[in-house]
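Residue numbers (my numbering), protein chains in the order written: chain S, 1 to 188; chain E, 1 to 62.
Among these hints, one or two may not hold up.
Stated by the list, open to error - Here are the simulated lysine-lysine pairs, BS3-like style, with alpha carbons at most 25 Å apart: (1) E:Lys21 x S:Lys127; (2) S:Lys66 x E:Lys21; (3) S:Lys185 x E:Lys6; (4) E:Lys53 x S:Lys116.
Please keep in mind that the hints were generated in silico from the structure rather than gathered at the bench.
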Amino acid sequence: MEKTDFLEGTMAACIVIGLLFGLMLFDNPILGVLAGAALAIIVRLLLPGKTKKKKAKAIMPLTRGKWAIMAGIAILTIGIFAAIYTPLAQGVKSTIVAIGTAMLAVGALLYWKARKGEVIADERTIKIQNKALAYSWWLTYVFIAAMFWADNMGMAKFTMESFGGLLLFEMIVTYMLVRAWLERKGDE
Amino acid sequence: MKTRIKEFRARFGLTQDELAKKVGVRRETIVFLEQGKYNPSLELAHNVAKVFKVKIEDVFIF
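Work out the full structure, taking the sequences as your base and the hints as a guide.
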């Protein structure tokens with residue numbers, strides 16, 4: 001079988017599977033088509049094309065952007081489905097759509113940079129990211145402990161929702177701050 | 001760790017960006033290396049030394 005035939009067959013199968021899933025899960029053919037299209041785009045990005053075998057090395061740096069694009073499409077699709085057809089709270093729906101859009105934009109940027117031949121991440125940036133994650137984990141631990149004792153001693157009252165929201169915010173902020181600090185400081 | 005990258009770069013007429021591309025890292029990493037603010041992996045040290053056609057210990061001062 002030719003590679004293009006295989007690719008087209010897989011794409012068609014994805015659309016059919018997406019349609020079936022859409023009908024089963026949401027009882028709506030439009031959602032099915034959308035789910036199928038999203039699945040087809042994801043598979044197309046994952047599968048190598050006709051001429052890509054020779055350029056195996058050059059494709060490697062594009063992986064990161066591709067994954068972000070695929071995740072962005074998937075989250076955005078879920079967000080759109082949720083926004084139209086589910087009774088979820090407006091805040092949750094818009095958050096899902098916003099995360100999907102941001103991920104898609106970041107993925108596109110990474111993909112474009114990788115295509116230009118720019119090095120997106122090297123050993124130093126990976127080392128910094130890992131260190132920042134480790135620092136952020138410990139800061140989060142301290143933050144949780146502080147919140148727990150503040151709640152326990154009656155200094156503040158947290159609901160599950162506010163606790164989760166604060167944690168989400170704290171983890172991202174501490175990671176970004178530590179990363180910025182390590183970028184300036186170096187590892188000496 | 002102190003390095004002589006800047007000196008070798010000047011000798012070979014390479015910019016930071018060109019050297020970064022040759023060894024497959026970001027330009028900022030070369031800046032940090034030159035400032036002595038980053039300890040490279042053995043692989044990166046080897047690649048940098050290879051570009052300048054010298055031994056690792058000629059470029060990196062331990």
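Taking the hints in turn, this is what the structure says about them:
Restraint check: the Cα-Cα separation between Lys21 (chain E) and Lys127 (chain S) comes to about 19 Å, which is no more than 25 Å; the hinted pair holds. For the hint pairing Lys66 (chain S) with Lys21 (chain E), the CA-to-CA distance comes to about 22 Å; that is within 25 Å, so the pair holds. Simply put, Lys185 (chain S) and Lys6 (chain E) have alpha-carbon atoms about 20 Å apart, close enough for the 25 Å limit, and the pair holds. Proximity of Lys53 (chain E) to Lys116 (chain S) is assessed by CA-CA distance (about 28 Å); at most 25 Å being required, the pair is judged violated.
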